[in-house]
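> One-letter residues, chain by chain:
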Amino acid sequence: MSNTAVYPVSVNNNGKSIWSFLRSEMKPKGKIFTPFNIISFPIMILGLVLIVIRFWKGIGSITNLTQEVPWGLWIGFDVVTGVAFAGGAYVLTFMVYILNMKKYHSLVKVTVLNGFLAYLFYAGALLLDLGRPWHVINPIIGNNFGTSSVLFLVAWHFLLYMIAELIEFSPTIAEWLGARRARKILSSMTLAAVIFGITLSTLHQSGLGALFLMAKEKIHPLWYSEFIPILFFVSSIFAGLSMVIFEGSITNRVFSNQLTEKSHKEHDRILHGLAKICAGTMFAYFFLKVLVFIHGQHWNLINTGYGYWYLLEMIGFVLLPMMLFFYSYRKNNITMIKIASILTLLGIILNRLNISVIGFKWDAAVHYVPSWMEIAVTLAVIFTEIWIFRWVIRRMPVLRESPSWVNEEK
Amino acid sequence: MSLGRRDFMKTLGLVSATLTFGKAKAEQHKNNVEFHGILYDSTRCIGCQSCEFACAEVHNLPEPEDMPEAGVVRKTSEHSRIVINAFDTTKGEVYARQSCMHCNQPACDAACLTQAMHKTEEGPVIWRGDKCMGCRYCMVSCPFEIPKFEYHSANPKIEKCTMCYERIEEGKLPACVENCPAEALMFGTRRELLKEARKRIVENPDLYYDHIYGEQEAGGTGLLCLSPVPFNELGFKTNLQNSSYPELSKGFLYSVPSVFVLWPALLLGIHEATKNNNLKEEENE
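Residue numbers (the numbering used here), protein chains in the order written: chain W, 1 to 410; chain C, 1 to 285.
Treat the hints as calculated values from the structure; they're not laboratory data.
Keep in mind that this is a model prediction, so the values were computed, not measured.
Cβ coordinates follow ideal geometry from the N, Cα and C atoms, glycine included.
Hints are not guaranteed to be accurate.
What the hints assert, rightly or not - Residues of chain W clear of chain C, computed beta-carbon distances all greater than 10 Å:
no., residue
1, Pro42
2, Ile59
3, Phe145
4, Phe326
5, Phe389
Stated by the list, open to error - In silico lysine-lysine, DSS-like type, Cα no more than 30 Å apart, as pairs:
no., chain 1, residue 1, chain 2, residue 2
6, W, Lys276, C, Lys275
7, W, Lys57, C, Lys157
8, W, Lys184, W, Lys102
9, W, Lys57, C, Lys75
10, W, Lys103, W, Lys276
11, C, Lys275, W, Lys102
12, W, Lys216, C, Lys275
13, W, Lys216, C, Lys237
14, W, Lys216, C, Lys131
This is chain C alone, in the form it adopts within the complex (with noise of 0.2 Å):
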């Protein structure tokens, strides 16, 4: 899907002379890798925290100390990158996982001017501390608030849910989805996690509310998100968009090779024109 992006970036990089040096590599492609994601399911999460704590051991980070309560919305921060949190809704209370969406066309990934959050073939967005130079414009950019940054360090890191890309690589499950004894996190590819997502909705349509966050938040994410109630209730955000973020500055982007070709000869061409032109001193632009 991000293809479009890609083709287009490559063409840029033909284009701006200040990029001819960076383009060899790129092209080798693994086939056949599908994206993956998780789907979760808040109709069967019992708010265990058994996902948090297994995170945090596997990433060493301390191991949350607060509990999921209603009415307190817990947010992940630079040590933790998954929170479950409680919430009063229409239908009793319902726990809701907050962590990375791991979105198909991530806006950090966009964002980012040194590939440090990159979306891997397999799904998982990543955050590659050799590259990273701490600007933070990933977090500025991210609609759903998740890249947590070290204020507190001479040498900060971005702490963010990674899909446990690492465990994936070694054909493990993501801790979360490994530890959860509720069944309700499921990892899979995302076509297969929307079809049993689907299926849910269909074989239990009472249970479920009609909707899978994530089909088409921000243009698709790897986290799929079920639910009894309206997402709202759930403290999800429900303002986003429906297309992808990096969309939102693709028009500028793709002006810059127009301007850069067009602005010099013009400007010359002006520059002529006016060159024996020494009375025009009242003037303006």
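Only chain W is shown next, with the shape it has when bound in the complex (with noise of 0.2 Å):
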């Protein structure tokens, strides 16, 4: 055992060498031709062939920005919208490690390997939106320090939160690898870096919202307000919360190999209590929506076209699942939480929409409407991911157990 001493890494890997191993684990597991796949694949490579004619033509090539509208579907929904989605990490985090509310200790691994991932494709997604990203690194090295600017916030954000997240979910690497003194350093530093992480969080959720507070002309009075900033936080816990049970549901079949009966039972009872806590939040976001709406005096805008437009986000999408939810935390209906999820999902979808995109230049003469190739580049995005996650769900003990060495070493 002396090995172990020297070489953090090893041990439990049939004696085979770390790089043996890696190699090993490498290789594909699990079926190649599932539906899944041929539907994924070629969409993937299309918007790897697509990335390349955006870099070697330029942006306008491949998509329908204009000067009016600079920023289209891979800011509006890769962004700010994945960011939404990946809130559900911070709050899962928050609920276990600071609230102490074990019974959801199940989830935390699982959402913040999807948090980790969104935040590394989906803002990674960014660089493609960048006319000249070979200068990205100019607000992170120091010279260029542009402190004014919320961008600058966010952008930092992203990059420490994830590493903080790395760091949450680093001790599972570690069991993988059967690395055992690293999988003790690493998770002493879970704490520190769950608090920094919420912290972060708070900031940059609100901080997307805050990046159009200086748009305010250009965007429709029924969505622009100077509480963007607080509605995107408030808005961001039940759209990750939401995603954590949409998300559960399916991985939870795909994957139903890994759990086992146990957990398979303890997952409704996870997503009971979820949903208490979704229609908690999207009530308080609910009124705050309809305080501003008062506040900003649109009544007159109601009666339009853009007017029945926020009705429907805000009657269909906010206040219907809201009461969904209510209503199958009652009657203890797992089904009807995950329908209230999705159209919450929906509903978020809509209003970083309709904050960045639709919404965005309302009164121009021509909108912005998305090319195939942005969709194309964007679902390419999403595929990767999911591609990613499941390498990693294969072969991490993200949703099956922890190896038995981890319990006998506490």
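Build the complex: two chains, separate frames, hints provided.
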């Protein structure tokens, strides 16, 4: 065992060296020709081709962006919506590590993994949208600090939060590699990473909304308000949790062989609890939205096309799923919880796009509509993320229980 | 005027740990420098486009191919930093210039996370390609929608009027001002220009509409405009706020250091308080 002391990485790999272990793990596990692969693979290749064209001929060659609408689907959906969906990680770690709500502990690993990958890919997709991405390090390396910029804050927070989430997830990687000592050190850093991560999340979830504060006249008055940052923050709580519910239902089905009978049952109880939290925060959010609306004195705008659109978002995709969450919590109806979470997610997409894309320059003569190529690249990014997610789930003890030596050491 | 914000940002730099590296610089102030600007008098403008051609030549841009025509709104683009438009107004055909307003506290400057968009001490707002990462947040933020992006280039630039900053540094006039045959353009310190604009209005109250566009708009701008008719007739944005645009995100930025200091303490406190409480399962947040 003296080996362990020298190389923190070893043990439990049937005597294989770490490199041959990694090489064997690189090989695909599971079937290759599944319907998901058959659909997603061509799209990923297409996305790759489009990305090459984009870097060769400029952003305008594959997007419909205009001088008036400089941010389109890649920012409005990939980044602004994607980050809200990834909010589940900070909410769950808050519940489990700060409030000590142990019941939700089994969900933490997979949610943090999802959050990390979402940031990595959706914020990484930001690079595609940058005209001069080779200067992306400028705000980091320090000779060009634009400290008065909200985007400066958001950029830093993305970077730091990815590191925090990686630290939160790292014990699982150590378990996969059988690295006992590393696991011990890394898991001792979890609480600090969680606290840091929640602080960062509070600021950049709201910061994404604050990005639009200076575009005061450009955003439709039903959506522009000085409270956008607070609304973004509050809505990221139930957006993230709804994503946890939605994603959890899918992963639990797809990877059901990883789960024990017990954890299947437990999952329903967890969803039940999450429904209640979603309902509560959605109520707060709805209340805030109503206050903002009344305060803005925009009654006259309700009887317009955008007014109906606003009402659809507020009633169909906030109020309705909120009541569904309440109802299904009372009746303990798991299916309805899942339906409510889907409606909530659609509502978040609507809300984020209404601010960043649909209601942005709503009075312009020509409206921005994303090109099919922008949509294809977005899908390619999402599929790539799912592929990586699946790769990790099949190898690391994320859904299944940690190897037995972890408990022995406690 | 932007000192308040800068001071705050320095404080922010001290507080947040991430910023500890980069602050040393910043301190070298050239004192006694005043904001400069351009006064555009549309009662004098004859729509000859001399300014457009001069601008295109100086900045290596293609020559304008279309002419000002009432009913058609030409826009600045990645190929033209300045345009003159014609408008049918209550006082007949009037020309109006569109280009960067060189705000006293520009939204683009505040938005830029690499300081590529930069309000110089002399007044011009310039773009620096060696810093810009092409995020286009300046375009999202600018209330006048001035910065233009080269969407069809692999190495895209932001194109906008820089008040010919390089020429000003050499002691020359901006190209448009130098080449205006009708004396519709005047370059000077913002203070002088405001004085001159007021004088013109007072001396000729029938000719001018009693408003200097840019005196208050967006917190004051370097480009000041005079007109014979209300400015909305000339396609100027008249729905803009009179306080500066960076003011809008100031509240949020101010709250950042407090959250950074208070949140971790609060979270740690809650964690300690609930540590031994394993019965809290049904609690929500």
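> With reference to the structure, classify each hint as holding or not holding.
We went through each hint and held it up to the structure:
{"no.": "1", "hint": "Pro42", "in the structure": "holds, 26 Å"}
{"no.": "2", "hint": "Ile59", "in the structure": "violated, 5 Å"}
{"no.": "3", "hint": "Phe145", "in the structure": "violated, 5 Å"}
{"no.": "4", "hint": "Phe326", "in the structure": "holds, 13 Å"}
{"no.": "5", "hint": "Phe389", "in the structure": "holds, 27 Å"}
{"no.": "6", "hint": "Lys276(W) - Lys275(C)", "in the structure": "holds, 23 Å"}
{"no.": "7", "hint": "Lys57(W) - Lys157(C)", "in the structure": "holds, 14 Å"}
{"no.": "8", "hint": "Lys184(W) - Lys102(W)", "in the structure": "holds, 20 Å"}
{"no.": "9", "hint": "Lys57(W) - Lys75(C)", "in the structure": "holds, 24 Å"}
{"no.": "10", "hint": "Lys103(W) - Lys276(W)", "in the structure": "holds, 14 Å"}
{"no.": "11", "hint": "Lys275(C) - Lys102(W)", "in the structure": "holds, 11 Å"}
{"no.": "12", "hint": "Lys216(W) - Lys275(C)", "in the structure": "violated, 45 Å"}
{"no.": "13", "hint": "Lys216(W) - Lys237(C)", "in the structure": "holds, 13 Å"}
{"no.": "14", "hint": "Lys216(W) - Lys131(C)", "in the structure": "holds, 26 Å"}
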